[in-house]
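Visitor: Place chains H and U on chain G using the hints.
Residue numbers (our numbering), protein chains in the order written: chain G, 1071 to 1579; chain H, 1463 to 1774; chain U, 25 to 359.
The set of hints was computed from the structure by calculation and includes no laboratory data. Keep in mind the model is a prediction, meaning the values are calculated, not measured. A portion of the hints provided could be inaccurate.
Covered stretches of chain U, as calculated for chain H (at least 3 residues, CB under 8 Å) [as the list claims (entries may be wrong)]:
| no. | stretch |
| --- | --- |
| 1 | 146–157 |
| 2 | 325–334 |
| 3 | 338–349 |
Label pairs and their calculated CB-CB ranges [to be verified]:
| no. | chain 1 | residue 1 | chain 2 | residue 2 | range |
| --- | --- | --- | --- | --- | --- |
| 4 | U | Q275 | H | L1565 | 35 to 41 Å |
| 5 | U | R247 | G | S1130 | 25 to 31 Å |
| 6 | H | Q1655 | G | A1397 | 16 to 22 Å |
Each computed DSS-like pair below joins lysine-lysine, with the alpha-carbon atoms no more than 30 Å apart [what the hints assert, rightly or not]:
| no. | chain 1 | residue 1 | chain 2 | residue 2 |
| --- | --- | --- | --- | --- |
| 7 | G | K1275 | G | K1252 |
| 8 | G | K1211 | U | K195 |
| 9 | G | K1417 | H | K1573 |
| 10 | G | K1489 | G | K1321 |
| 11 | G | K1275 | G | K1321 |
| 12 | G | K1211 | H | K1573 |
| 13 | H | K1746 | H | K1573 |
| 14 | G | K1489 | G | K1417 |
| 15 | G | K1252 | G | K1234 |
Note that CB positions come from ideal geometry on N, CA and C, so glycine has one too.
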Amino acid sequence: METPALLTVRGVSKSFGRVRAIDGVDFTLRAGEVQALMGENGAGKSTLVKILAGMQSPDSGTITLNGRPVTLPDPGSATRAGIATVHQELLLFGELTVAENIFSGHYPRRAWGAIDWPGMRRRARELLAELDCHDLDVDAKVRTLSVAMRQRVEIARALNQQAKVLILDEPTASLSERDAEKLLSIVDQLRARGTGIIYVSHRMKEIFRIADSMTVLRDGKLVGTLDRVGATEADLIRMMVGREIGQVFPKLPARIGKPVLEVEGLAHGRLVQDATFTVRAGEILGVAGLVGSGRTELAHVLFGITPATRGTIRIDGNEVRIASPRAARDAGIAYVPEDRGGQGLVKPMAIRENLSIAVLDRLSSFAGFVRRGNEREMAQAAFDRIGVRAAGIEQPVGELSGGNQQKVVIAKWLETAPKVLILDEPTRGVDVGAKAEIHRLMGEMAQQGLAILMISSELPEVLALSDRVMVIAEGRITAIIDRAQATPEHVAQAMTAQQSAPTQRKTTA
Amino acid sequence: MRFRYMHETVLALMIVLACIVMATQSAQFLTGANLLNQGRLMAEVAIVAFIMTFVIASGGIDLSVGSIMGLAAVLTGVFWQDLGIPLPLVLPLVLIVGLCCGLFNAFIITKFNFPPLIATLGTLALYRGLAEGISRAKSVRGYPEWFSVIGQGNVLGLPTQIWIILLFFVLCAFVLGTTRWGRTVYAMGASEQAARFAGLPVDQTKMAIYAASGFASALAGIIFVSRVSTTRSDMGVGLELDVITAVVLGGTSIFGGRGTIIGTALGLMLIQTLESGLSLAGVKGDGTIVLIGVVLILALLMSNLSERRMRH
Amino acid sequence: MTFAPDRNATPATAPKSLLTRLRAEYGHELLVAAAILLLIIAVGAYNERFISARNLNSILSGNAYIAVAAIGMTMVIVIREIDLSVGALIGVLSTVSGLVAVSDAPLWMAWAAPVILGAVISGLTGVIVAYAGIPSIVVTLGTMAILQGGLIAATGGAWINDLPPEYQIAKLNVLGIPMPLVWAIALTVAAAVWMKLSVFGRSLYLIGGNAEAARAVGVPVRRRIVQVFAIHGAFAGLATILFATQLQVIQSTVPPNLELLVITAAVIGGVSILGGAGTVIGASLAAILFAVIGAALVFINVSAYWLRAFIGLLILVTVLADMIRRQREMAKGGM
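With the rest of the complex left out, here is chain G:
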């Protein structure tokens, strides 16, 4: 028995200048259905989401809600039509309370037009209770909340709007395993109520857990919609990429040599406590852990962004003091950051300038004069070696795709001749094809004797590439597991290990 269509999208197209972001896409969403929306970066998912959220207008095509055609010229109209969106970048107001955040844009009013604050707070508490969030204070300022809590505020917003259609854009990207599970149970609840949900993600495990059907986009076009029953991961990858991907994570064998990085008792703040570990030449040490467990914080300590308050770091046996990124670079440590666009690249600058930016002092004379000829040579060589797909080294790096941008960042750091390379979520936001290339690159670098730390939230990636897996929970290293013993269960257990028994736990102010 087929329930009637809730939301129908027919022939929707949108171009930005000469680029066709989406081209004649159709899909149908039924009430009480969770449909996954999948595709590589640039496939058109976010454009489609923006159109449904009222943030962009399609060039052509129709959108029908409950049988009636709708136009969505602005976000307000989408909300009024009953489409709620929880974006990847949470759109919340830090200085305002939870209650006000939930109701911003549609405040409850009294008879004479004024905002009904007591009513708002009461209703906010009710909504949070429905989501089983009894521990959230409606008067708390949102800037004091954790990421998972903030997302619940966003979902409460959507609930409040009596949304018929809820769009979730990469909702678990920044969540811990436990918070993600909580989110999925909320999605179950909403589905049971008859809400239609569009779930944008490329996390296969979640999709197979929650989705009733999967729609795949590629290069702006609809490739197809599969029912969950009978669909396989391989099918979906093939649809997204258009070719069979044999091995997504090629593990290249490398000779493991002497210890290059030795860390002992390293500490900084709450999230890096007493870190002690070693990474050897040619070794890939995977760093796993829940979001907020302190992995990036550890990387920042090693790289000098937030220098260590205690402990020692040794490179090739010599103790080094790392007080700044410059010191880290000089010691032979390189860091490919999590936030590629904001921290890894200067987007308006050319590829050449981005490639040379970490070695400017080595490319310039005593007076500071930058030797342009040398720079150009160096940049061209790096560009060719790494295989960046772009018009040339003068192209502004902001115009490149995610995967190619990441290659530029990695190439930039390879120029500094590092001994230790720290990669933080190296393949996040990177399409499947480029992902494989980056994994291959990592293997090659290991073969050349680099010691590599790879921080990743994708367990399959960690398990496939690492020689050892280091697990961090709440700022402490809970386990360092050899490749042979590293199973998903073992790692997950270490990720959620509690630090001490309840009776012994110290209360911190």
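Guide: Then chains H and U, alone, in the frame of chain G:
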């Protein structure tokens, strides 16, 4: 159209046009004596503007330059007349004070994450207030002969200020355009975080830039005192307006990441030409700041339009 | 599989009492009010004449116009903009008001003109900021120059004498309280209520807090920016009335330091320079605090020449406190 030096060319053309118009209005205008004098008059704004190019290109701003200039002027008088320090010693002292004022700006901007706007708005008040408090509205006169060489004299046939302007111009153009510190400035302006994460010395560069701004402002103060042979606490009021207008007119984006010294130089020349044209037409001194305000807003609008066009 | 407790969760609480919440929300404003009282008492202990009714009256009503100007400026700063030209604007509007008053036009026009003209001029600034995307700091630097220069160029600094006595409404009393004070209080209360209870008012906090999110919830950001600047201009006009109608003679000059005072009042009053927070009550009270400080300096024989330095120091210290608080929150993993 992606002609790289479009902006500078347009400016140069406008200057030529303005000069032609002025020349038809007054026979005096294109004489050597007059042009050199124009150069003399714009020295203070010029040297501060060259440094301000760095500041704005790095994504910051310095509103306190006028106040530092005023403080420098006051201190020149106070050190020399009230404290009896010999003038040759006073001058470097005043320059050091200017440097320190700039360093203080940099300190609160880097250590405490103050938005440069509000930091320099606060120090604009603080430094001007110090100038007013110290001088108590008295003015100082009677400087020795040799002192006025700086502001009124010639060296090798050209006004002293021209040499100073040239020196600053060459140094600044070289540093910003060809050195790694210049690259650092542009990177900071485009994305400060990325610059930090690339190991660039962001905080040190900021310290250097704001200190240089303070230094240049103090030097401007000394030149001005030498030119008018007197000291008053309201000197330099409105300097920031002239300087920022010249820089923005020259093509530096107010958001940072773009800008050249040549552009600023052209912007300065254009403004100076327009201003002298106005005074030839009989408009009083105060009226010319209306012109500067209008030019600033127009320059910002044009800069914005061209930025939008570049993005597509 | 057992899961670790979410350490980042805000601890469970029952809904807080009204009093606790009021204290949390208006703590800063209470602090400013307390500072005013303490200062008056302290200086009064030093010199009795300070707390005489006549003196307090003159301080409060003489400076009430700054509080009114601070109301409009608060709204501008809340949406994360700034207006450096407010002093010059009030100078221009005073002159216009005076000129209308001594002309043959009906007297009410002398009071209406500054409000309307202020709204128009400032609204134009808002259009440039909103639709050309240029930071208000530089736009208002330019408008300040245009207004200031224009005023001098047009009037040559001439004074306006012979103001009709009916014009000087600032000298009236309402139920024994001087008019400027009544107006300042009424406008502050009205604005505060409006900022808290109206959708328009709340939208300003949305814009200043997160402009993109504001757009996503349907706030017409660009239109609001223009509207806020226009309202701010109207408040500048109202402030002008309170200012100009106390004077015997209107000088065609810009009151010195005025923009600095108004901006500092807002910042000290708890309006964060980064936008999205703060109330008009705090700004108004802070303006009064400055008036008291200025008068106090005179009473304890400190040279008035140090006033500007003091204001500069105050801005720096207050913003410093705000920045330190934010840094601490960053360290804890906040926004």
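Visitor: Could you run down the list of hints and mark each one as holding or not?
Guide: Here's how the hints hold up against the structure:
1. 146–157: Coverage by chain H holds for the stretch 146–157 of chain U (3 residues, Cβ < 8 Å).
2. 325–334: holds (count 7)
3. 338–349: holds (count 6)
4. U:Q275 / H:L1565: 35 to 41 Å: holds, 39 Å
5. U:R247 / G:S1130: 25 to 31 Å: holds, 29 Å
6. H:Q1655 / G:A1397: 16 to 22 Å: holds, 18 Å
7. G:K1275 / G:K1252: Judged against 30 Å, a Cα distance of about 15 Å means the pair holds.
8. G:K1211 / U:K195: The hint is violated at about 45 Å.
9. G:K1417 / H:K1573: holds, 26 Å
10. G:K1489 / G:K1321: holds, 20 Å
11. G:K1275 / G:K1321: Holds: G:K1275 and G:K1321 sit about 22 Å apart, inside 30 Å.
12. G:K1211 / H:K1573: holds, 26 Å
13. H:K1746 / H:K1573: violated, 44 Å
14. G:K1489 / G:K1417: It holds: about 27 Å lies between the C-alpha atoms, which stays within 30 Å.
15. G:K1252 / G:K1234: holds, 21 Å
In summary, the structure is inconsistent with hints 8 and 13 from the numbered list given earlier, while agreeing with the others.
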